[in-house]
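Colleague: With the hints as constraints, model all of the structure from the sequences given.
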Amino acid sequence: MATMNMIQALNDAHKVMMSRDEDIVVFGEDIGYFGGVFRVTEGLQKQFGKTRVFDAPIAEGGIVSTAVGMAAYGLKPLIEIQFADYIYPGYDQIVSEVAKMRYRTAAEWTMPMVIRTPYGGGIFGGQTHSQSPESLFTHIAGLKVVIPSTPYDAKGLLIAAVEDPDPVIFFEPKRIYNGPFDGHHDRPVKPWSKHPASEVPEGHYTVPIGKAAIVREGEDLTILTYGTMVHVALAAVEEQGLDAEVIDLRTLVPLDLDTIEQSVEKTGRCLVVHEAPRTSGFGAELVALVQERCFYHLESPVERVTGWDTPYPHSYEWSYFPGPKRMKKALEKVMAD
Amino acid sequence: MATMNMIQALNDAHKVMMSRDEDIVVFGEDIGYFGGVFRVTEGLQKQFGKTRVFDAPIAEGGIVSTAVGMAAYGLKPLIEIQFADYIYPGYDQIVSEVAKMRYRTAAEWTMPMVIRTPYGGGIFGGQTHSQSPESLFTHIAGLKVVIPSTPYDAKGLLIAAVEDPDPVIFFEPKRIYNGPFDGHHDRPVKPWSKHPASEVPEGHYTVPIGKAAIVREGEDLTILTYGTMVHVALAAVEEQGLDAEVIDLRTLVPLDLDTIEQSVEKTGRCLVVHEAPRTSGFGAELVALVQERCFYHLESPVERVTGWDTPYPHSYEWSYFPGPKRMKKALEKVMAD
Amino acid sequence: MSDKDPSLRRNAPKLALHVPEPPFRPGDTPDFSSLKVPPAGASPRPDTSVAAAETHELTTALVRVLGDDNKAVGAWDPKLDPDTLRKMLRDMVTVRIFDDRMYRAQRQGKTSFYMKCTGEEAIAVAAQTALDREDMHFPTYRQQGLLISRGYPLTEMMCQIYSNKGDKLKGRQLPIMYSDRKYGFFSISGNLATQFPQAVGWAMAAAIKGDSRIAMGWVGDGATAEGDFHSALTFATVYNAPVILAVVNNQWAISSFSGIAGAERATFAQRAVGYGIAGLRVDGNDALAVYAAVKWAAERARSNGGPTLIEFFTYRAEGHSTSDDPSGYRPTNEAKLWPLGDPIERLKAHLFAIGEWDEERHAAMTAECDAEVRAAQKESEKLGILPEQGKDGVETMFDDVYAEVPRHLAEQRDAALAEGRD
Amino acid sequence: MSDKDPSLRRNAPKLALHVPEPPFRPGDTPDFSSLKVPPAGASPRPDTSVAAAETHELTTALVRVLGDDNKAVGAWDPKLDPDTLRKMLRDMVTVRIFDDRMYRAQRQGKTSFYMKCTGEEAIAVAAQTALDREDMHFPTYRQQGLLISRGYPLTEMMCQIYSNKGDKLKGRQLPIMYSDRKYGFFSISGNLATQFPQAVGWAMAAAIKGDSRIAMGWVGDGATAEGDFHSALTFATVYNAPVILAVVNNQWAISSFSGIAGAERATFAQRAVGYGIAGLRVDGNDALAVYAAVKWAAERARSNGGPTLIEFFTYRAEGHSTSDDPSGYRPTNEAKLWPLGDPIERLKAHLFAIGEWDEERHAAMTAECDAEVRAAQKESEKLGILPEQGKDGVETMFDDVYAEVPRHLAEQRDAALAEGRD
Ligand SMILES: Cc1ncc(C[n+]2csc(CCOP(=O)(O)OP(=O)(O)O)c2C)c(N)n1
Ligand SMILES: Cc1ncc(C[n+]2csc(CCOP(=O)(O)OP(=O)(O)O)c2C)c(N)n1
Ligand SMILES: [Mg+2]
Ligand SMILES: [Mg+2]
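Residue numbers (the working numbering), protein chains in the order written: chain A, 1 to 337; chain B, 1001 to 1337; chain C, 2001 to 2422; chain D, 3001 to 3422.
If you're looking for bench data, these hints aren't it; they were derived computationally from the structure. Bear in mind that the values here come from a model prediction, so they are computed numbers and not experimental data. Accuracy of the hints is not assured; some may be wrong.
Claimed, not checked - Here are the computed lysine to any residue pairs in the SDA-like style, where the Cα-Cα straight-line distance is at most 20 Å: (1) B:Lys1046 / C:Ala2016; (2) B:Lys1328 / C:Leu2417; (3) C:Lys2182 / A:Lys333; (4) C:Lys2391 / B:Ile1123; (5) A:Lys333 / D:Gly3041; (6) B:Lys1046 / C:Pro2326.
Modeller: Dropping the structure here:
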């Protein structure tokens, strides 16, 4: 066991897996000698050499497409897109090639690769360093979508993603790289070392893909969320004094429907929370699923707490971010009647 | 008045608007001399000249990005992406530039452009000529998303889209270009001429963006749909003998919430129908909205009829397409209890 | 202020947009006399280890081996033995017969779609012949010659075209979107140019692993405009990838001539110059020139000399696909008047010229190929044609989206099976 | 069969991946003696109407005007009058002072982010000076010199940097993402290279309309790898767009040196060759050379001679941004040892050399610029600094997503206003 923040945990996952599997190659913008703008790949080039860890040209489409070729060869690309906001030039290759390869070749070629990318706001990154585009990948059959919320999960899920036979889009909540965030931007930042999930086992372990975590058991309502918002949601229910069941989905596709259904059937109320824009965010799918499957257990409409349907505005960051006040209002609404 | 199929109606909309507005330029792959692979731009180059109607290199990103520059200059690009399946290389420019320009420049620069693209299956086009990616655009603030279902609407909505000050992604249901489709693939194809909405006024008229059409009034349930599926849904309710209210959304963003709410409050039941894959399809957003806003009027869960969460498989087209049988089952479910 | 209204500059000279136009349109009589076709044997053949820059004069030339007298001539003559030549000829004839039969099958309603490569048979067949069996191709839809030349069972191809029970792709792909790992033929994508940088990635992987196999990527002239083309060349030059990047310039992209892809101002081979990699421009209707160029690039790649961009100059003699009628945008007799001739006729004439072939043997061989194709067609049609498909095996529709079927797809599978199909 | 296990070919030579590595890393002492810097005046200046190919030797050269003796020399000498030279010098000095003040403001917590262009001041300033006031720029974040040289109010820039009440972009954009239509300065995008083909589109529009204004697109060396770079060059060559396409090769892209973008094997200017357009490679630290090259390309574009790709060779003397510490990946003294010198010092020395400037005047001018920048800073800070922002005007957050606020956004606006902010 060691105490790690998310960056260290992710870095450790790389080291564990690259030592075990020679076919893993890591590349992306600034990830080689320098170790990545968020330092997740620090020390890897030195340890594993330049042919397994190298800088890539600034061409997200080129990064993904060459990864496709490498996966076709039999390697396991574990690549970084510097910010999720910059994944779109690679979107065609992800949607048309990575996602569909197993299907269109009847499993003759598969695409075991992991595309890591930091996402989300709360760091004053403006419109192009703050986006949460996860729902755009959940609509694409063939992709798995994973989002950790703690150092422990980050390492275990990343190892699981690397071992997974299918392509995984791995979104890293950059706001909580260095410490959890309760949504109160005006309070001092807490370090991970104070959080139990910063205790990270050495060596190999996995957190299974497709399994949600009940991070708080409760009876009053169910909160479905992931990434940074897990911590914001947990803080909000404590502040409201509610006995909420908070579910950290961890994997958006394939979704842990069992855990969701069981919880909502128990509580009869449900709140969905994410930072991404509201319209056609992944929350919409969650609401649709819950009302399709648990309709007769619901005592009030499923509510959504989300970012707004605008670009992420630099100086209005804290009016955009779905923080404690938005949570409070939604919790009141879900608990009404 | 003239009797037109959708292709003719769209072609006519181009001619009407290009004659009225010198700033409209039309370009795309094969759209010039040849008139487009679906013939929508036939005759335009001859009539309006090569500097207003021209073939583009096969580079969807280049088509959209040069259109951005033209719109910045003050022109109105009305461009074609040959198949919606090929829009992804232009996705970055659409998401990062077209959608956000008005916002990020505080309206100093705006992007009045129309991106037309044929979408949907039912023509044995296989995985890459059948996709329905509309939900991927509904999640992007700043874009309007329009889908016509008849020749009358096609012309009126395209004219409205061209006149709209905001960028419009205009999806054309290619399966019904030449005639409506009731979902019975084994029956002979009907021509548009038998359908009242093939009566298309000459010259200028608009069908407003943001307004749904109640294409069938009814009391039993509300069906929310668009594009090809409007006709499939209409046929299905007749076959089931249900008094359904069928709403052709026509615009997905901004959505006509008033019409939807009024209808569901009246009927108390709702079915959402689209051809796109289920998970995070636009149906999810519709279900979420309906249950958020009409929860206490709902007598049964809102159901979804959709394509499956797989790529569109060539020879299993008619098991993928949400046809009469899938409709029947869902209608029964919504009407149960 | 509107940008449209440059009130300040009324007297300045007017700018004008240039929109490329092909030289001939329907109704015109094509006249190719201004096309400069250098004589066979004129191009020098640099050593495969030269600096990339030393190949750059070849990017505006045209490597040709077969002369007007049908003899092989010059430094690029690969000096192939007659058996290899005959094998290439046979493969090319098979491709053409195959194309004709499958085109007809589509017209007969037996499938939804087909694409011929008429006039381009030499390119895939000779390229395949020049590479090793273990090298990996990332093809487009117009390289059926690669498979045929590698001896891929014609029935397999046809079963794919019919999406029938013999189709190893389980009816999921549009006809002609073949895929076969054992034959070093990567899954064809419907999305143009995506395979080009993938080939570079495969070659990078081979280099990472210290392998000796190389990759060859293929793209059409029109598709070179995609961003993926630039990705391919950028990554290839940065990492010195052991890859051959081929542009098949058949001068048309559906209805757009190659000028719309930039061919008015530079050859496609010249793109190599900008990336500092080797480049060659080759007569694609000359099987010997194609063979020699690919062999050269392969030797270079195998010795860590890096990537080569090769433009094969040819002409798309038929429609783009069964969905296309080219008489709407180009003269119908353009293919016939196209001066580089028919690749099959030219190779045949060469074999005649060197005394290794005659009409009798050619007729017999053609009949054999024809019989083979017909037999394969009969065989594959036993396994069904498209209109009969899609009823059985609906459950397979949900396989291979992921390695394991997740719960939501299992539910959808159950629903689809309950639905049935008429 | 696994592709990883090439059992058939154990004796074949091993392929190897080349991963470019910059010549110097932290701890090394940079030695640029092997860098070939041609003497000033050595490059010929072709007529602006020549065929593109006649410029191609200039894509591997380096157009330089300022000699070691600080005199202007050779065919590219733009023969500018001293007032223009002094204006350029003043603008460059202002840019540098502005950068220093704003960098410090960020360090003082007054805003979130800043990016300097230290060492690259000549490029934007001289390019702006060479074009007409009505020509349109599609810049990156490192062309603040364009705005300053066009006389854009410094307070406007600072208000944007502080996202304060004077910010015409309403606090929506990251600092330095300026936009001003009246100043011909297109909205800077956070997404690299997107603006490059947009510049081509604007130029195409100007050509469609018979306008006389041209566009200039800007991109960094690293960002040339994006697909948008290829779109820009492809569309520019196909339609002969009246556009100048500038690559600012400052040799670094955050921590990656230009070899990762392909600079080991070709210059960025050489990319022009592959598209058949004019290309020039220019000493970006020589304001006169920059001016002359842009003037040349502008003249060419205005007379429908088509696009020119210009590489400005320079060095990013400071960190990438306030978020970057370059000592982690390159020697700290590399900027000082970089042989092309400081653009401000070089232009100043030239003015000295021609007797049009002296230390006294320079000190006075510098003090004036400094005062101007300080005054602007004071002025703009009256309108607020970032930490105070975001509380008022929350309702404006929902404007300009669309021309009119649709119902769902009106509802969200109400919710946001009800929420308030602490
Ligand atoms: C990304 C993408 N855009 C558009 C298309 C539609 N399309 C299919 S083939 C084709 C023309 C390709 O021409 P070229 O690259 O020259 O190849 P050729 O058909 O001549 O072999 C087009 C535009 C596509 N398949 N993919
Ligand atoms: C599409 C995209 N990918 C990645 C980034 C992150 N990023 C910002 S600046 C930069 C380096 C750019 O280097 P270069 O183009 O050489 O310009 P310079 O900073 O040297 O002026 C990177 C990788 C981005 N902004 N956009
Ligand atoms: Mg072609
Ligand atoms: Mg740079």
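Colleague: All hints are to be evaluated individually against the structure, with a verdict given for each.
Modeller: Okay, the hints, checked on the actual structure:
no., hint, in the structure
1, B:Lys1046 / C:Ala2016, "holds (18 Å)"
2, B:Lys1328 / C:Leu2417, "holds (15 Å)"
3, C:Lys2182 / A:Lys333, "violated (60 Å)"
4, C:Lys2391 / B:Ile1123, "holds (17 Å)"
5, A:Lys333 / D:Gly3041, "violated (75 Å)"
6, B:Lys1046 / C:Pro2326, "holds (18 Å)"
In this structure, the hints that do not hold are numbers 3 and 5, in rising order.
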